[in-house]
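Protein sequences, first through last, are from chains A and B. Positions 1 to 493 (this note's numbering) are the ones given, in order, by the first sequence. Positions 494 to 998 (this note's numbering) are the ones given, in order, by the second sequence.
Watch out, some of these pointers could steer you wrong.
Footprint (simulated), chain A over chain B, 3 or more residues, beta carbon under 8 Å [unchecked claim]:
(1) 512-522
(2) 686-698
(3) 913-927
(4) 935-947
Some chain B residues near chain A, calculated using beta-carbon distances under 10 Å [stated by the list, open to error]:
(5) 598
(6) 789
(7) 792
(8) 797
(9) 801
(10) 907
(11) 908
(12) 951
Think of the hints as simulated: they come from the structure by calculation, not from any bench. Virtual Cβ for every residue (Gly too), placed ideally from N, Cα, C.
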Amino acid sequence: MAQVGDPAVRTVAVVGEGPTLWMAAIALHRAFAPTGLQVTVVALPSTTSRYEVLAASPDLVAFHRLLGVAEQDLFRHADATFSMGQQYADWSGRGSAFLHAYGETGEPLHKLPFLQMWTKARLNGLRVGYEDFSLAAVAARNGRIDIGGGGKAGAYGYHFDKGRYEALLQAHAKALGISIVAGEAPRAEVLQGLIAAVHLNDGRKVPADLFVDATGGAALLSALDTTAPDAVEGPCDRMLIASAPPLSPLPLYGRIAAHEAGWVGLVPLAGRTAVTMSYGSRYLDDQQALERLQAAAGLRLQGDVAVLSTEQRLRRRLWVANCVAVGPAAFAGETMDSVHLLRDQIGIAHLVALLPVDRADMAEADIYNDEVTGHYRRLRDFQAAHHRLNRRTGEPFWDEARALPVSDELAYKIALFEERGIVAQYAGESFNADSWQSVLIGHGILPRSYDPQVDTVSEGEVALGMQKILGRLKTQVGAMPTHDAARARALRG
Amino acid sequence: MKKRVAKTVILGGGTAGWMTAAALSRAFGATQEIVLIESDRIGTVGVGEATVPSLRDFNRYLKIDEDDFIRRTGATFKLGIEFVNWNGAEARYFHPFGYLGPDMSGVEFHHIWLRFLAAGGDPDYGLFNPETLAARQGRFARNGPHGVVNHAFHLDAGRYAAFLRDYAEAGGVRRIEGELVETTLSPETGDITHLRLRSGEVVSGDLFVDCSGFRGLLIEEALGSGYVDWSHWLPCDRAVAVGSGVTKPPLPYTQSTAREAGWQWRIPLQHRTGNGYVYCSRFLGDDEATERLLGRLDTAPVSDPSVLRFRAGHRRTMWKRNCVAIGLASGFLEPLESTSIHLIQTAIFRLLALFPGRGISPHLVDRFNRETIEEYETVRDFVIAHYALASGVETPFWEAVRAAPIPDTLAARLETFRDTGIILYENKDLFRATNWFCVMMGQGWRPSAHHPLADTLPDTVLAERMTLLRRRAEEMAASMPAHADFIARHCAMPDQAPLSSATTS
């Protein structure tokens, strides 16, 4: 420890906008206020457009516990619905669809993985699909969800309105007593390689020991590190955001439907349906995209349509000296698979876990950079897998999407799965093997071989075991409440 | 269509061979023909008679009754390892199984304990670990009032192989007595097609498991896999081993003592004590090492000393073509943390998980090799950490060891702990926070800080919880009988003189 004075980090300034800003500030305040850490929010004008939506994977439920955000408030104030996964439609050609639902599929038989049993049966002509053995998928397709009773159908996430969520978090931060400074055009003052303070355009300045950069464009971090973020070639670089009347009954999953040059997302909210159109600008201009969207969504659009860039960028160094970038400044890209909220949760949870012990020498930065960029690369793999595995041949956008380079890790993961139905899990995976299996099989991979130990179980026994599972699923799903009933319960709190 | 892998040939008995045979017979039953070739003329290497708790998973997989296994192998229970002389003459520290305490405030217990220490708490973290307290008092039981007792075994490797041989043969494994004289490879694919034995018998197979020991008769001598040499990091290349009389009562832990050119093990069994000296031949001759070892036994020798030669490292690929090497044929790390049998076991489970169906896919082979090498590397770092941080013995060997470079991965772990108190590990690692903490602290490598989240726990809550945890550990230890009494009651070897029931203090 340093000889003179207390080296501990005493003040943190969280600078930026959007949900990321408030999530970071609240997490740090809730974790460290008892030790005397002073968190100040420098809130810039929000850039969230009207109608933007967020999909949350089950990980957010635990993260909200950390933030002290009540589930009831999402339903009261952020137009929330429950989500049990995403449906991918038309990725293997028109009419194809699968549901990536959260949770396990099937049950081991004789301690052997269900997938291995199913693979053998499927190779021998079994007609029942993999997804039909997933309790969560069957429940979601039937509009049923079990939010109590230990969540028998596996975990659940949410869909909610991004702007309202941001407002909800802001109110929560205020109620917690976090000091908030509203300002514009932040400029970092650098002294001896560290940011000493942030200056705002009205002349105010906010000094701190540690700065969290949630500005989207890395306004603070760029003062310390001029390296441009790595641009990653992805097929979709633009997105339209629109709105349509609510669906009835409200589905328990979002729909990601491929079109000729990208995909359309339909996310059910309580009061409306969020509609997004992702596309490659080399194949469609904004006007064409809008026309296609109106045709493709099959919904009457209402209100304005906004356009956003979804170019993929990943900063190599997220934490430099005493400044940590979170949110889009760290990693930007497409929205599918709840990746935006996962990104924020990963960045913030690691920051809480690695809050530096010494403000003059933040040794934690190296671990943070290694671990968090590792997580982000794996998130990107999950999204890239959809594009890589599409089977829409003869359409230039999709042919090119299949040919785009992917990480060695993803290439190996796909090859190993095709060979034997094994998911190679790396450090820093956000999606577990169940999710990977669901998506790899959903996109049409049937492993070429299976674990030979499966041959020790007779075919009759396997068939009986599978029938039992299907029977159990039916009974369990029948006993679950509907989405409306679950929402009513969540609203009551 | 490629041919189904229907016949597996294991070359070599011993611990690795019979563990493999037993597990394959359990997994495949009659759907796979399994043959094991071993020669009565070739001795087996009895290193690795101390184990880590994961062996209990292997026993469970085979559905072996633990008491029966202990009786048949002359085993005793093990609660950890006592390191002597590693951090100063006669200095001792204990690396226990189990945990010091639960996570609190979102951080691992060691951060909480470091805060407790900074506030003037007792520097003996062993007081929070039931296994440490039981080891100090010579006690053992499988359970206590507050949970399970984490334990492993000391066992007689020769008896263990015989025990598993009975199991495997009952499960349909065919044993062929014989010595390999020639390996034939397919001219088209380079795969092994058959082995010719001294008797003239020819054994063909689809998959070959090389458990032939250091030489790697198939993986190296026939297929030329190559070797990744780590002797610049781990220079010890010899061990002399000898059995001696029973220590009474048998201690429920392994002892590892730093010596002039390496370290000495002591492993208590029901019917003898295993001893050995791992040393570096550049600094100590075989005769001298043998003499030193014999002069430092607690009990009279009961066998002739034997010298083993090895080189730290691993085969470049442990799975090549249709041959998988398991045990010493795949690589070697000195048994400082009793990992030899563990590495055999994980290789077996990995082989089972990736077992080829029709033909052998390069992706499965690649995965087996990657995972195995990663595992070797993490165990290697943990073993090197003991040497890199040692300060107990002042001899040319230790000076050379301390001056040697260490792997970057280890340097990162040591620096991170020193500067932040954070311990880096992956969930798949065998050695995790508690293991690294006890060894680094035991070797005198102290962190300058603890995690800031540890400070969020109010003082009064901290004091209450630490008192409670300490009391629980004490109650756990106090509830256990003496180790010798536990063995006598549940799992004593037949025809052995009773072990003394005196409890050491």
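So, going through the hints one by one against the coordinates:
1. Check on the region 512-522 of chain B: 3 of its residues sit with their Cβ under 8 Å from a Cβ of chain A, so the three-residue criterion for coverage holds.
2. Residue count for the region 686-698 of chain B with a Cβ under 8 Å from a Cβ of chain A: 0. That is fewer than the three needed, and the coverage hint is violated.
3. Three residues within the 8 Å Cβ limit are the bar, and the region 913-927 of chain B against chain A gives 5, so the coverage statement holds.
4. Only when three residues or more bring their CB closer than 8 Å to a CB of chain A does the claim for the region 935-947 of chain B stand; here the count is 6, and the claim holds.
5. A least Cβ separation of about 8 Å between residue 598 of chain B and chain A falls short of the 10 Å threshold, and the interface hint therefore holds.
6. Interface restraint check for residue 789 of chain B: the shortest CB-CB distance to chain A comes to about 42 Å, outside 10 Å, so the restraint is violated.
7. At about 44 Å, the closest approach between the beta carbon of residue 792 of chain B and any beta carbon in chain A exceeds 10 Å, and the interface hint on this residue is violated.
8. Proximity of residue 797 of chain B to chain A is violated relative to the hint, the smallest CB-CB distance being about 44 Å (cut-off 10 Å).
9. Hint on residue 801 of chain B is violated. Least Cβ distance to chain A is approximately 36 Å, over the 10 Å limit.
10. Because the closest C-beta pair between residue 907 of chain B and chain A is about 12 Å apart, greater than 10 Å, the hint is violated.
11. Nearest Cβ of chain A to the Cβ of residue 908 of chain B: about 7 Å, under the 10 Å cut. The hint holds.
12. With its C-beta approaching chain A no nearer than about 7 Å, residue 951 of chain B sits inside the 10 Å limit, and its interface hint holds.
Of the hints listed earlier, those the structure fails to meet are numbers 2, 6, 7, 8, 9, 10, in rising order.
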